[in-house]
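Colleague: Residue-level listing of the chains:
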Amino acid sequence: DTGVSQNPRHKITKRGQNVTFRCDPISEHNRLYWYRQTLGQGPEFLTYFQNEAQLEKSRLLSDRFSAERPKGSFSTLEIQRTEQGDSAMYLCASSSDQYFGPGTRLTVL
Amino acid sequence: GQNIDQPTEMTATEGAIVQINCTYQTSGFNGLFWYQQHAGEAPTFLSYNVLDGLEEKGRFSSFLSRSKGYSYLLLKELQMKDSASYLCAVYNTDKLIFGTGTRLQVFP
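From first to last, the protein sequence lines are chains L and D. So the number in the numbering used here is just where the residue sits in the first sequence, counting from 1, plus 153. So the number in the numbering used here is just where the residue sits in the second sequence, counting from 1, plus 12.
Calculated from the structure, these hints are not laboratory results. Don't take each hint at face value.
If you want the ones that stay clear, here's a sample from chain D, every Cβ over 10 Å from chain L, calculated [stated by the list, open to error]:
no.: 1; residue: F72
no.: 2; residue: Q91
no.: 3; residue: F110
Between beta-carbon pairs, the in silico distance windows are [what the hints assert, rightly or not]:
no.: 4; chain 1: D; residue 1: S39; chain 2: L; residue 2: L192; range: 42 to 50 Å
no.: 5; chain 1: L; residue 1: E181; chain 2: D; residue 2: E53; range: 18 to 26 Å
no.: 6; chain 1: D; residue 1: M92; chain 2: L; residue 2: S226; range: 36 to 44 Å
no.: 7; chain 1: L; residue 1: E181; chain 2: D; residue 2: D106; range: 40 to 48 Å
no.: 8; chain 1: L; residue 1: N204; chain 2: D; residue 2: P19; range: 36 to 44 Å
no.: 9; chain 1: L; residue 1: R168; chain 2: D; residue 2: R78; range: 43 to 51 Å
no.: 10; chain 1: D; residue 1: E26; chain 2: L; residue 2: T260; range: 49 to 57 Å
no.: 11; chain 1: L; residue 1: S219; chain 2: D; residue 2: T56; range: 40 to 48 Å
All residues carry an ideal CB built from backbone N, CA and C; glycine is no exception.
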């Protein structure tokens with residue numbers, strides 16, 4: 154499969170725990186995006202990378218959130234000290250044409 | 013500010029035609045995307061318009077008027093599997109800005 158993949162697909166955690174999600178983009182795509190989507194809303198932009206450089210971060214991305222893309226390949230999104238308000242679907246997209254991965258659904262109890 | 017408006021919900025009958033409208037006011041514009049999203053799944057790409065006019069792709073067509081800040085998605089010969097949310101998104105300075113989506117229910 155040459156599409157965008159994300160792991161895990163589902164994550165349930167307790168408030169205060171740290172979580173990390175991974176996104177593997179389509180191999181020839183230089184751009185990688187992270188979005189967050191809550192129920193009944195459209196996705197909201199969080200951050201994006203051009204190769205390994207993080208070019209833009211939304212104000213939604215508090216200091217508890219950090220994203221990396223070492224070597225310009227896969228990317229990780231870490232949330233520290235999770236809060237119930239972090240419960241959402243976290244979506245990764247690849248390239249300027251925005252092909253989305255299947256998402257990681259986070260539930261914070 | 014950034015504002016993208018689309019109806020919250022629509023209903024239609026199997027075999028019919030439905031038009032989902034989207035109006036936008038954004039600080040920049042590099043194109044408009046339409047996505048389909050089934051419940052619990054990721055958005056899947058339907059269409060991309062950057063120039064004014066109609067783009068047709070099978071049963072789905074998308075129209076753009078940049079001067080009016082307006083787009084629509086036209087779905088023909090509706091099928092039950094078309095029941096989903098339809099997201100309008102403006103591509104603005106290297107990222108997508110989404111509307112809240114239109115939930116379409118198709119009835120037999």
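Colleague: Flag every earlier hint the structure violates by its number, smallest first.
Modeller: Of the numbered hints given earlier, those the structure breaks are 3, 4, 7, 10, 11, listed in rising order.
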